[in-house]
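Novice: The residues making up each chain are set out below.
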Amino acid sequence: MVKDGITSHVQQPGDPMKMPKSRISQWIRTVLVSIIACTGLSLFASPASADSANADLPYSISGTVSESGAPLEGVKITVTGPSMAVPTEVLTAVDGSWSIGVPEKNSDYEVKLDTETLPAGSSIVDDPDTTAVESSSMSVRVGPGGRVALNFFLGDVERATTSLLDQLLSRIINGVNFGLMLALASIGLSLIYGTTGISNFAHAEMVTFGALASLIFVQLGAPLWIALIGAVALSAFFGWGMDAALWAPLRRRNTGLVQLMIVSIGLSLAVRYTYQLIIGGGTEQLPGADSPKLQLFGSISLSWIDIASMVISVFLLAVFAWWLLRTRIGKATRAISDNPSLAAASGINVDAVVRVVWIVGSALAGFSGILWAFFRPGIRWDMGGQILLLMFAATTLGGLGTAWGALIGSIIVGILVETSTLVIPSDLKYVGALVILIVILLFRPQGIMGRKERVG
Amino acid sequence: MSSNVAPATPVKSTGLHVGEASPGVAKRDPILIANQVRRQFGGLTAVDVEHLEIPRHAITALIGPNGAGKTTLFNLLTGFDTANTGTWSFNGKSLAGVSAFKVARMGLIRTFQLTKALSLLTVMDNMKLGSTQQLGEKLWASVFPMLWRKKESEIEEQALDLLARFNLDSKKDDYAASLSGGQRKLLEMARALMTKPEFVMLDEPMAGVNPALTQSLLEHILNLKKAGMTVLFVEHDMHMVRHIADWVIVMAEGKVIAEGSPDEVMKNPAVVDAYLGSHQDIDLGTVTGRITLPKIGKGK
Amino acid sequence: MDFLGILNSTVGFVIDPVTIAFSLAALGLAVHFGFAGLLNMGMAGFMALGAYGYAIGILTFGLPWYIAAFLGPLAAIVFALILGIPTLRLRGDYLAIVTIAAAEIMRLLFLTSTFGPITGSADGLSGHNSGSFWADNPLPEGQYDFGPFRGTELDWWVRIVGFLILCVAVAIVWLLVNSPWGRVLKGIREDEDAVRSLGKNVFAYKMQALIIGGVLGALGGLVLAMGQNVNPNQYVTSITFYIWTALLLGGAATVFGPLAGAVIFWVIQAFIGLLMPALAAEGLLLGLSSIQAAQIKFILVGIALVLIVVFRPQGIFGNKKELTFVK
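Line by line, the protein sequences are chains A, B and C. In terms of the working numbering, the first sequence is residues 11 to 466. In terms of the working numbering, the second sequence is residues 4 to 303. In terms of the working numbering, the third sequence is residues 541 to 867.
Since the hints were made in silico from the structure, they are not lab data. Be aware that a few hints might be false.
[What the hints assert, rightly or not] Taking lysine to aspartate or glutamate pairs in the EDC-like style, the calculated list, with each CA pair at most 16 angstroms apart, reads:
| hint | chain 1 | residue 1 | chain 2 | residue 2 |
| --- | --- | --- | --- | --- |
| 1 | B | 228 | B | 32 |
| 2 | B | 141 | B | 155 |
| 3 | B | 174 | B | 159 |
| 4 | B | 105 | C | 733 |
| 5 | A | 115 | C | 663 |
Here the structure is a predicted model, which means the values were calculated and not measured.
Extracted from the complex, chain A is given alone in its bound form (with noise of 0.2 angstroms):
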């Protein structure tokens, strides 16, 4: 019941399934905000940075507050139970975040969050549609993990007027925003798969190297539209250093393919390290990550960050396909994708066209990363990575080794992501790719653009 608009949430298995549908899509967005905190980002969730009390009891119930998405500092927290001899409070943290330690597993526990802490101007409403059992005051079980997490999410007018197809809608555009920067990542893994058969482990870190490059630019003072040119120009180097300097070599040697991924495993690993030594654990902005959003229509908001990424996106796309279409060696290039051997046969220059495809890869790649940087939002040295099994299952999706596969993948999966957390808690968002990614493969393992040939 939503006695004052503050909607807490005890986070149970199976629970969203048992929210009555109305409930639901404000559930989602709520909980939305989780998604940094849970997605292996650990850096905005470290528990550490929690308020804290009775921090030496062994189990805990811990928390955030947070009201549209933001998090409420000072909020007053107090947990009572049958095991504790005086009620423990605690303010939450600048971050939303709160926790209680708590002497026994097993055992309940009445959690109250103190409406008259909450900051005024809050704008509580009282939203007619819900009728889940909600209030201030929460009764919680800590089973045998020994910890529970208990958020309190305030709402507002906007949040209670949105309506599940608004919200669709805008989930859909986002994830074409987010489908098109993949896309440009994964075109070039599945162009290097193609040419090369190389299933290429390192595209994360040259994915992480655009967003990098970019960064250190803007550090240098220079503008963004320089940082963005001088990014993707550096990663087209890097493309064209990592060809000449180790996949070039291990080609005049007949490595194996097996024998290349796993080089190229090793190779992710040590750039990905190397980032980190260089800018550390923590995240950092480029300028205009934080551009106020533009109403469009509905309750649709984008910000001038995204409409750029999204334009200058099927930009690049459009000029790749001209590329691979149009030019001599775009065409040498699916030449070679659908018959090496024969390719070289015929005259084409395999190697010298690989070299193209690796700087091609890698300044797309790099672009993507700076877009990817933007959609996060923040540059971490390990933000490829945790789109590198995207890559691959868009790559799988529309067919290995076929560029049109991989953007119409990567769209697929971008809009799948970013829908799903309507169905399924936003932390799980990335597993429902994943799955479809092994579905497809049970039924059409091909892909969707792939030839049908025998994969066994």
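Assemble the complex: chain A is given as a structure, and chains B and C must be docked to it using the hints.
Specialist: Structure of chains B and C alone, referenced to chain A:
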């Protein structure tokens, strides 16, 4: 190459068919019968066989120009590829849709055009893999050596015997990777015999074989027949076909275009057309590039 | 800088539960890749199942430790079946992508707050050992030190159980790969069509290998969980890559190679991990902080992996003739 073939004329089986020899003719005692077998790759029809019978206890050659669908037919009959339509049966048991390993267990063993010697296994291990009787190949039994040790030495004896016949016994502890191309062909055939097959299908057994080994390979194929097995082989070398085959089936563009005894088939104008185009006066073997002209007299 | 102390702690790592766990996982990967040619890139997922199965069995279901220990391997069997059925008929790199994705799915499922009460979410699980596992420890309380090998009775209890599991696993794998069953497996690694043409059910053999290797991985996770808390961050994709490094270091197509590889890998890791921060503390590393210096070991792991694969693909103990990169 083939000039050193044919010191002794092998005994040919005759009277294999019933009625006039024509594509799809019925056999007196067929071991394999195929009906309406079709396989398409995209728009290309690789195999389209209406009716085909393979005679038992005989050596049948399957010939045809490149791309005629011979290897695809092999793959279909042995379960390595899936036909779009069609039925085929081995000893009266339907094989359509049966997986490759089950086909092999029924006694229909094949070899491959590109030799599949297991390079990083020793020659002896290659041979032992052919045995079908080893209980130790079951997961649960493998951890109890007492259950399979005795059988293992029996298999080893059998393998040594076969290796000796194929002149590979001195190589038994070498990795198969160290064998020459011809020796690998021999090993593959010997390994196939370890399964004690009833019907052996050889895909280009002579391809890439050193001429010095050709003779012994031919002998081995003839011995298979003597031992009561049925042989079907794909070959481009017409001398070999003429020399050892009891029956010849000709394929072109996926279809069976002629059947008959070797001598009859080679006179068949349809075969000459499919094979030779305009070079009708040249021996069939020369067209495939496997035989140099001066060595074979044209008067054959 | 206390170099002797570093060396001492490093040697102690030889019998650390983590080393034993890595050995088990590397052995499992040897069955997968070295003997059956299966590209399993999701070993971390199998290990996570072993660890979580054990911890959840004890904490949620209240099982005694020796029964809970079976939950992980059982889950690993189911996991292998789910992964194997769609992919074992396909080309090798599909299995690689599916296993790495599946392992990541497992990690995300253990990480999500949705199942927090059971899995402990990002905090992981703790306290699972303090019940029946420690109670069943036959060693009297006290500190037992043998040169560089130190520990309390609880430390030694974990090491003994882990070592026993490892011994049994090694014995079984040795019997398996030296049996006719292992011969078929190696044949499949070389050319599965050839083996198929000899009447062997290739799919069944690959599935059996996937299951056996997966169970070994789960046992590795189990030993890991017996020695410490269980946390989803322990089962990230990098762990799979470390196990690959250990396996290739020792030699993929051998039984004892992966064990030696795991020991060498982990000992060198520990050594660098201790040495670099110490050097940094002395100011010998160009002004790198201790934390940064500790990360150098991961860079070195990556470089080592590249170098091994390119220059010594058969590993330290592998036979050049039997190296496994055939395709």
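Novice: List in ascending order the numbers of the hints, as given earlier, that are violated by the structure.
Specialist: none
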